[in-house]
Every structure is written in structure tokens, then in C-alpha cells.
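> Could you build all of it, start to finish, from the sequences and the hints given here?
The listed protein sequences correspond, in order, to chains A and B. Last residue of the first sequence: 270 in the working numbering, with the numbers rising by one and none dropped. Last residue of the second sequence: 551 in the working numbering, with the numbers rising by one and none dropped.
No lab work stands behind these hints: they were computed from the structure. Glycine included, every Cβ here is placed at the ideal spot set by N, Cα and C. Check before you lean on any hint, since a few could be wrong.
Stated by the list, open to error - In silico DSBU-like pairs for lysine-lysine, Cα to Cα no more than 30 angstroms straight-line:
id	chain 1	residue 1	chain 2	residue 2
1	A	K117	B	K446
2	A	K83	B	K465
3	A	K117	B	K465
4	A	K269	A	K243
5	A	K90	A	K198
6	A	K83	A	K19
7	A	K19	A	K198
8	A	K198	A	K243
9	B	K446	B	K465
10	A	K143	B	K446
11	A	K143	B	K465
12	A	K83	A	K198
13	B	K446	A	K90
14	A	K90	A	K117
15	A	K90	B	K465
16	A	K19	A	K117
17	A	K83	B	K446
18	A	K198	A	K117
19	A	K117	A	K83
20	A	K90	A	K143
21	A	K117	A	K143
22	A	K19	B	K446
Unchecked claim - Output of the computed footprint for chain B on chain A, the stretches with three or more beta carbons under 8 angstroms from beta carbons of chain B:
id	stretch
23	64-73
24	85-91
25	97-107
26	114-122
Unchecked claim - Computed from the model, here is a short list of chain B residues facing chain A with C-beta under 10 angstroms:
id	residue
27	D445
28	M448
29	V451
30	V452
31	A457
32	L466
33	P469
34	V544
35	F545
36	R546
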Amino acid sequence: MTTNGGALHRLHGVSVAIKDVMKIYEMRDGNELLALDPITLTITPGEFVAVVGPSGCGKSTLLSLIAGLAPVSSGSIQVDGQKLNRPHPKVGVVFQSDLLLYWRTVIDNILLPIEIKGRRRAEYAPRASMLLDQVGLTGFEQKYPNELSGGMRQRVSICRALVQEPGLLLMDEPFGALDALTREQMITDLQAMWYQLKNTVVFITHSIEEAVFLADRVIVMSPRPGRVDLDRRIEIERPRSWKTRIEPRFVEYMTEIRTIFEARGVLSKG
Amino acid sequence: MSAVGGSMSTDVVTREALERARLRRRRRRNTQAVIESLAAPVLSLLLLAAWQILVPLLGLSVFVLPTPAQIVTRIATDYRLLLTNSFVTLLETIAGFLIAALTGVSTAFAIFYSRVFERAIYPLLVAMQTVPKVALAPLLVLYLGYDFAPKCFLAFLLAYFPIVIATVVGLQALDKAMVDVVRSMGANEWQTFFKLRLPAALPSIFGGLKVGISLAVIGAVIGEYVAAERGLGYLQLQASSQFDTTLSFASLVIISLLGVITFWGIEILERRFVFRREAAK
Chain A
1 MTTNGGALHR LHGVSVAIKD VMKIYEMRDG NELLALDPIT LTITPGEFVA
51 VVGPSGCGKS TLLSLIAGLA PVSSGSIQVD GQKLNRPHPK VGVVFQSDLL
101 LYWRTVIDNI LLPIEIKGRR RAEYAPRASM LLDQVGLTGF EQKYPNELSG
151 GMRQRVSICR ALVQEPGLLL MDEPFGALDA LTREQMITDL QAMWYQLKNT
201 VVFITHSIEE AVFLADRVIV MSPRPGRVDL DRRIEIERPR SWKTRIEPRF
251 VEYMTEIRTI FEARGVLSKG
Chain B
271 MSAVGGSMST DVVTREALER ARLRRRRRRN TQAVIESLAA PVLSLLLLAA
321 WQILVPLLGL SVFVLPTPAQ IVTRIATDYR LLLTNSFVTL LETIAGFLIA
371 ALTGVSTAFA IFYSRVFERA IYPLLVAMQT VPKVALAPLL VLYLGYDFAP
421 KCFLAFLLAY FPIVIATVVG LQALDKAMVD VVRSMGANEW QTFFKLRLPA
471 ALPSIFGGLK VGISLAVIGA VIGEYVAAER GLGYLQLQAS SQFDTTLSFA
521 SLVIISLLGV ITFWGIEILE RRFVFRREAA K
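This is the structure in C-alpha cells:
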């Protein structure tokens with residue numbers, strides 16, 4: 001493990017290739033639900049991709065498919081050039097809620113993936129501390145999740161996803177359950193962290209602003225069955241600050257996405 | 271309206287007022303805590319005192335209802351007899367309970383993992399539960415003899431069901447998203463079980479064990495009522511048949527004590543192994 005004087009070192013981002021992927025759920029009543037229309041998407045190593053869409057458009061489904069948690073109904077997904085049929089070892093996932101194990105301390109939660117992968121805890125402990133430091137939770141190692149606020153817990157779960165140096169980080173509406181101010185801070189912190197890591201990120205959100213602010217590329221999905229409605233590269237240099245959000249370019253991107261939602265009836269014209 | 275740049279003196283006054291209020295609050299809370307912790311012992315003492323006073327007042331004979339003092343004295347004089355018999359009952363209880371815990375938790379795992387097994391055994395378990403198991407005691411004597419086995423079996427029988435149910439409920443209560451978390455880290459089912467499912471189900475399992483141990487004591491004693499040559503149930507029955515009501519009551523007290531002590535035993539284990547959500551606060 002090499003460290004750059006307390007800063008996180010760059011990770012090797014991995015590629016994701018999604019080809020003609022469909023997902024059909026069989027419902028209890030025997031009917032079938034088409035969650036994803038054939039989707040094709042190629043994500044290059046080190047790219048920060050935000051997927052934005054209305055509730056129930058299948059964006060979370062897409063994420064769980066990339067995470068290898070559910071099988072595709074047809075088509076194929078490749079992560080780092082390998083066809084997926086189980087969770088890929090180079091992938092870390094952050095879920096909608098923190099989902100920490102309440103009987104484990106912060107540090108034991110962060111090192112859980114290390115234990116499960118059968119690696120040596122001692123080897124990753126320094127990295128765990130460094131990640132905690134990055135999210136402003138130094139000294140919280142021995143605390144239990146119920147001693148932390150919602151925002152702190154989600155920070156811990158981000159550390160947990162990053163401890164094994166994932167080439168691909170999947171985030172499923174990670175800030176959706178947080179209050180507006182905490183979310184604001186988390187978005188800023190995530191950008192700063194990713195600026196050091198530069199791994200591949202797929203970030204699911206229903207916030208247009210969050211997507212445009214964070215991503216190199218925004219994928220807009222249609223209401224169910226999910227399809228790619230727009231694939232827009234966000235050409236705004238980093239690091240981006242809150243002032244970026246009032247720049248005309250930023251507003252243009254947001255307007256473009258909003259217009260699509262209006263056309264789809266997701267948002268009313270106003 | 272606002273006291274921006276308030277003078278030194280008002281600051282001091284406010285701080286003192288706040289400090290006084292805090293002290294008052296703390297004192298009130300302490301008094302409340304003391305009253306709460308004394309409520310149960312005081313009520314028990316009052317009831318015992320009433321019993322002690324009313325028995326001679328009503329002219330009840332010692333064959334009908336001995337006083338608490340007489341019962342305590344009897345426990346002190348006959349402690350050897352009570353202790354040897356307690357030991358027998360304790361052994362039956364623990365043996366029956368351990369078997370119930372082992373088989374009960376295993377049954378629950380099997381029910382959790384196998385749908386077929388669940389379908390096969392669940393109706394059977396429920397049906398078994400509707401049979402008054404105490405009524406099985408005479409049959410058990412017929413099949414298992416007069417000794418240790420039927421009591422142990424009855425203790426097991428009573429403790430088994432609540433342990434199975436509590437464990438199954440505990441395993442099924444786990445949020446599916448939590449399973450996704452560990453699976454996304456590449457965990458196999460074995461790891462998922464030991465790192466996640468089991469620790470998450472432990473509070474519920476211990477709930478079942480606590481109900482189970484209380485019932486195991488009852489099972490053992492009932493087994494002794496039917497046919498036995500030693501044990502607290504046997505001692506109590508003997509005492510009653512000889513109109514030694516004081517010894518009967520003394521046995522009853524020890525049986526209750528046995529229930530409390532074994533229950534505590536499980537609670538100590540629970541405190542050792544189970545992290546309670548509230549504990550850290």
C-alpha cells in the first residue's frame with residue numbers, strides 16, 4: 001500500500017460494457033414486468049457516469065445488474081473485460097441507506113469486505129484510517145453505527161465500499177435519504193475524494209443537479225421500461241464549486257435534461 | 271429584543287439561572303430513578319407483610335397456609351434436602367434445555383433454508399403445539415421409565431417450540447438489502463450466514479432461549495409430579511400428601527428460584543454475545 005502523504009492514491013478504473021441488456025421480473029400474479037428495455041452502454045475506465053431518471057425507471061435495477069446481484073434476462077454485462085455472472089471483486093457498492101452492521105464498530109464495518117475476501121485486516125487498516133480521515137471521521141473507529149448521524153453513517157458506508165480499492169464504484173442514490181444540507185456537503189466531499197481516486201463511478205440519482213454537478217457524463221433514462229433517452233457529456237472542468245451551478249453552461253445542461261423529462265411527462269412544464 | 275452584546279452582569283445572572291435549573295432537573299431525575307427502582311421491592315415487602323399479619327389474624331392453621339416466616343425458617347432448616355433435590359431438577363432442566371436449544375436452532379436453520387422442509391415440518395410443529403404436552407407425562411413414564419429420561423424429555427418438549435419459532439422469525443426478519451451488501455462484497459452463503467444472518471438473528475434467538483429455559487423448568491417439575499423418586503416436584507408432592515404444607519411451599523419457592531436463576535444464566539450469556547442496538551447509547 002502506497003500513500004501520498006495522507007492523500008488517497010489513484011485507482012485503476014475498470015471498464016463496463018453493457019450490451020443489449022434486458023431485465024424482466026416475474027411478478028407474483030404470474031405476469032411479467034419489463035424493467036429494462038434493451039440497454040447498451042459503454043463506460044470507459046475512470047469515467048464518472050451519473051444515471052438520472054424518474055422513480056421506477058429501472059435505474060436501480062441496472063445498478064444491481066452491474067453489481068452482479070441479479071442476473072440479466074438477456075444480453076451481457078462485462079466489467080473489466082470479464083463477463084459477469086457474480087459480483088465482480090473489483091466493484092464496491094454504496095446503497096441508498098447506509099446498511100451498516102449495527103453490532104460492528106465503524107472500523108469493523110469498513111473492514112468487512114476485507115474479511116469476506118479473505119485478505120489480511122492489518123494490511124488494510126491504514127487505508128481504512130485514511131478513508132475515515134478523508135470523510136472527516138477520524139477518531140470514530142471504535143464507535144457503533146447508532147452513535148453516528150445519518151450523514152456520518154453514509155460516509156462510513158462509502159469508506160466500506162472504497163476500502164478494497166475498487167476499480168468501479170457503484171452508488172445507488174447514496175444521498176437520497178439525507179437532509180438537504182448534509183447532501184450538499186456529501187456531494188462536495190465525494191467530488192474531492194473522487195478527484196484523487198479517479199476510478200470508474202456509476203452514480204444513480206433522481207436529482208438532475210446532482211448528476212450534472214458530479215458527472216463526466218449523464219445518462220437520462222425514460223420511465224419504465226427503462227431506456228437511454230440521452231447520453232450527454234458534461235464538459236465543465238474540475239474541480240467544480242457551488243458557483244459552477246449558476247454558470248450558464250450548467251444551467252443549459254440542466255435545462256436539456258429537464259426538457260426531456262417534460263416531454264416524457266415525468267415533470268410538468270413550468 | 272435580542273440581547274446582543276449583553277452586559278457582563280446579565281451574562282453571569284443567566285449562567286447562574288441556567289446552572290440552578292440544571293441542578294433542579296438532575297435532582298428531580300435522580301429522585302424519580304430511586305422511586306422507580308424501589309417500587310417492586312417495596313410492593314413485594316408490603317404483600318409479604320400483609321400475608322404474615324393476616325394468617326394469624328384469620329386463624330389459619332399451618333396445614334392450610336404457613337406464614338412467610340415459617341416458610342423461610344423451613345428453607346433454612348431443610349436446606350440440605352432442598353439443595354439435593356434442586357440439583358436433580360436443575361440437571362433435568364439443563365439437559366432438556368440444551369437438547370431443545372441445539373435441535374431447535376438446527377430445525378430453524380433447516381426451515382429457513384429449505385422450503386420443502388418448511389412445508390413438511392411446520393404443520394407438524396404447530397399440530398404438536400396443540401397437544402397438551404403435560405398430558406403426555408404419564409405416557410412418557412410408560413416409555414422412558416421413572417428416572418432421568420422422561421423429565422428431561424418433557425423439559426425438552428416444552429422448550430423446543432418457542433426456540434424454533436423465535437429463531438425462524440429472527441432469520442426471516444433480516445432486511446434483504448443487507449444480504450445484498452455482503453453479497454456485493456463477494457460473500458458466499460456460508461460467510462453471509464456467519465457474518466450477517468446469525469448475528470442479526472441472535473437477539474431473537476436469545477428471546478426464544480429465555481422463554482425456553484423458563485418452560486424447561488416447568489417441564490422437569492411436571493415430569494417429577496407424575497413419577498419420580500427425587501427432585502423438587504417430587505419433594506413438593508410428597509410434602510403435600512403428608513400435609514406438610516410448609517415444605518410444599520418451601521419447594522415452590524425453590525422451584526421459582528430455579529426458574530429465575532436459569533433465566534439469569536441465559537441473560538448473562540445474552541449480554542456477553544448479543545449487541546443490543548440501544549446498548550451503545
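> Take the hints in turn and mark each one as holding or not.
To see whether the hints hold, each was checked on the structure:
1. Between the alpha carbons of K117(A) and K446(B) the distance comes to roughly 21 angstroms, so the proposed pair stays at or under 30 angstroms and holds.
2. Under the criterion of a C-alpha separation no larger than 30 angstroms, the hint pairing K83(A) with K465(B) is consistent with the structure, at around 28 angstroms.
3. With a C-alpha separation of about 12 angstroms, the suggested pairing of K117(A) with K465(B) holds against the 30 angstroms cut-off.
4. Of the supplied pair hints, the one linking K269(A) and K243(A) holds, its CA atoms being roughly 26 angstroms apart against a limit of 30 angstroms.
5. Note on K90(A) and K198(A): the hinted pairing holds, with a Cα-Cα distance of about 14 angstroms set against a maximum of 30 angstroms.
6. For the hint linking K83(A) to K19(A), the alpha-carbon distance of about 11 angstroms falls within 30 angstroms, and the restraint holds.
7. Distance restraint check for K19(A) and K198(A): the Cα-Cα separation of roughly 24 angstroms lies within the 30 angstroms cut-off, and the hinted pair is therefore satisfied.
8. Of the supplied pair hints, the one linking K198(A) and K243(A) holds, its CA atoms being roughly 23 angstroms apart against a limit of 30 angstroms.
9. Pair hint K446(B) plus K465(B) holds up; C-alpha atoms about 14 angstroms apart against a cutoff of 30 angstroms.
10. Among the hinted pairs, K143(A) with K446(B) is consistent with the structure: their alpha-carbon atoms are about 25 angstroms apart, no more than 30 angstroms.
11. Between the alpha carbons of K143(A) and K465(B) the distance comes to roughly 19 angstroms, so the proposed pair stays at or under 30 angstroms and holds.
12. A distance of roughly 23 angstroms separates the Cα atoms of K83(A) and K198(A); the hinted pair therefore holds under the 30 angstroms criterion.
13. Using a Cα cut-off of 30 angstroms, the hinted pair K446(B) and K90(A) holds, with the two alpha carbons roughly 22 angstroms apart.
14. Of the supplied pair hints, the one linking K90(A) and K117(A) holds, its CA atoms being roughly 11 angstroms apart against a limit of 30 angstroms.
15. Between the alpha carbons of K90(A) and K465(B) the distance comes to roughly 21 angstroms, so the proposed pair stays at or under 30 angstroms and holds.
16. Distance restraint check for K19(A) and K117(A): the Cα-Cα separation of roughly 29 angstroms lies within the 30 angstroms cut-off, and the hinted pair is therefore satisfied.
17. Between K83(A) and K446(B) the alpha-carbon distance is near 25 angstroms, which keeps this suggested pair within the 30 angstroms criterion.
18. Using a Cα cut-off of 30 angstroms, the hinted pair K198(A) and K117(A) holds, with the two alpha carbons roughly 23 angstroms apart.
19. Using a Cα cut-off of 30 angstroms, the hinted pair K117(A) and K83(A) holds, with the two alpha carbons roughly 20 angstroms apart.
20. For the hint linking K90(A) to K143(A), the alpha-carbon distance of about 28 angstroms falls within 30 angstroms, and the restraint holds.
21. In summary, the hint linking K117(A) to K143(A) is supported, as the alpha carbons are separated by about 24 angstroms, within the 30 angstroms threshold.
22. For the given pair, K19(A) sits about 28 angstroms from K446(B) by alpha-carbon distance, which is consistent with the 30 angstroms threshold.
23. Counting residues of the stretch 64-73 of chain A whose beta carbon lies closer than 8 angstroms to any beta carbon of chain B gives 4, which meets the minimum of three for the stated coverage.
24. With 4 residues bearing a CB less than 8 angstroms from a CB of chain B, the stretch 85-91 of chain A meets the requirement of three and the coverage assertion stands.
25. With 5 residues having a beta carbon nearer than 8 angstroms to a beta carbon of chain B, the stretch 97-107 of chain A meets the requirement of three or more and the stated coverage holds.
26. Three residues within the 8 angstroms Cβ limit are the bar, and the stretch 114-122 of chain A against chain B gives 3, so the coverage statement holds.
27. With a cut of 10 angstroms, the hint placing D445(B) at the interface with chain A holds, because the nearest CB-to-CB distance is about 7 angstroms.
28. For M448(B), the shortest C-beta to C-beta distance to chain A is roughly 6 angstroms, which falls under 10 angstroms, so the interface hint holds.
29. Annotation: interface hint on V451(B) holds; nearest CB of chain A at approximately 5 angstroms, less than 10 angstroms.
30. The closest approach between the C-beta of V452(B) and any C-beta of chain A is roughly 7 angstroms, which is under the 10 angstroms cut-off, so the hint is satisfied.
31. Hint status for A457(B) relative to chain A: holds, with the closest Cβ pair at about 5 angstroms, below 10 angstroms.
32. Taken as an interface hint, L466(B) checks out: its beta carbon lies about 7 angstroms from the nearest beta carbon of chain A, inside 10 angstroms.
33. Nearest Cβ of chain A to the Cβ of P469(B): about 5 angstroms, under the 10 angstroms cut. The hint holds.
34. Checking V544(B) against chain A: minimum C-beta separation of about 8 angstroms stays under 10 angstroms; hint holds.
35. Satisfaction of the interface hint for F545(B) is found here, the shortest Cβ-Cβ separation to chain A being roughly 4 angstroms, below the 10 angstroms cut-off.
36. Using the Cβ-Cβ criterion of 10 angstroms, the hint placing R546(B) at the interface with chain A is satisfied: the shortest such distance is roughly 9 angstroms.
Hint violations for this structure: none, all hints satisfied.
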